[in-house]
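Trainee: Read off the chains here:
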Amino acid sequence: QQQVKQSPQSLIVQKGGIPIINCAYENTAFDYFPWYQQFPGKGPALLIAIRPDVSEKKEGRFTISFNKSAKQFSLHIMDSQPGDSATYFCAASRFQGAQKLVFGQGTRLTINP
Amino acid sequence: GAVVSQHPSRVICKSGTSVKIECRSLDFQATTMFWYRQFPKKSLMLMATSNEGSKATYEQGVEKDKFLINHASLTLSTLTVTSAHPEDSSFYICSARDLHRDTSAETQYFGPGTRLLVL
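Quick mapping for you: the protein sequence lines, in order, are chains S and G. Using the numbering used here, you'd call the opening residue of the first sequence number 146 and step up by one each time. Using the numbering used here, you'd call the opening residue of the second sequence number -19 and step up by one each time.
Calculated directly from the structure, the hints in this document are not laboratory data. Incorrect hints may have been included.
Estimated spans, in silico, between C-beta atoms of each pair [unchecked claim]:
#	chain 1	residue 1	chain 2	residue 2	range
1	S	167	G	6	32 to 40 Å
2	G	41	S	226	24 to 32 Å
3	G	35	S	161	27 to 35 Å
4	S	163	G	0	39 to 47 Å
Sample of chain S residues lacking proximity to chain G, with all beta carbon distances greater than 12 Å (derived) [what the hints assert, rightly or not]:
#	residue
5	151
6	164
7	171
8	179
9	200
10	206
11	212
12	215
13	229
14	232
15	238
16	244
17	246
18	258
Using N, Cα and C, we set each Cβ at its ideal position, and we do this for glycine too.
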């Protein structure tokens, strides 16, 4: 029940394309869903996050879509650039309390010029 | 923005020695810090939750006598890998929660990680 399943494992997109990364969770107590971007040899950095009270959130070129009934959420990157090439992790946690993040398996995204 | 630092960034040690990794919140106070372990091309695995002034809470399967965690102040937590062996080689990452923000999960900031190689 604590798992967060992320797909695909790797993704290659041409510059300007819209990569989409999907995550599914099981624990209905989760009410905070962040996405992190990680470059090689660095710690993860928060990209964007969503709460279940909205179905979509946009920040710049990054959009999260959230489907509460399906217990799924996804990250869309608009007008993708080679600099977006990184590993992306979705995560889930309770918004309050211990706030232990459960991470997905990660997606290695490559944006070709 | 809030900054979390880790020291050292990389460390190589001989098998059997102990290694200490520091995690510091540079511009905020953190009552809670988390320690993660990440294998190459793998996800982050939570090892323990570190609370200032109290004992750390370890996740199932993590040896607390192997991975000693101390959170002596609101800006510093340390992870000591005792009697390190090659299988302990990994990327260790900490995160810290900002005490003074409201209790929202967005206030969890990650450090840059420490690469440990045990020979």
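Trainee: Now look at each hint and say whether the structure bears it out.
Mentor: Taking the hints in turn, this is what the structure says about them:
no.: 1; hint: S/167 - G/6: 32 to 40 Å; result: holds, 35 Å
no.: 2; hint: G/41 - S/226: 24 to 32 Å; result: violated, 39 Å
no.: 3; hint: G/35 - S/161: 27 to 35 Å; result: violated, 51 Å
no.: 4; hint: S/163 - G/0: 39 to 47 Å; result: holds, 45 Å
no.: 5; hint: 151; result: violated, 8 Å
no.: 6; hint: 164; result: holds, 18 Å
no.: 7; hint: 171; result: holds, 16 Å
no.: 8; hint: 179; result: violated, 7 Å
no.: 9; hint: 200; result: holds, 19 Å
no.: 10; hint: 206; result: holds, 19 Å
no.: 11; hint: 212; result: holds, 20 Å
no.: 12; hint: 215; result: holds, 22 Å
no.: 13; hint: 229; result: holds, 18 Å
no.: 14; hint: 232; result: violated, 8 Å
no.: 15; hint: 238; result: violated, 6 Å
no.: 16; hint: 244; result: violated, 5 Å
no.: 17; hint: 246; result: violated, 7 Å
no.: 18; hint: 258; result: holds, 23 Å
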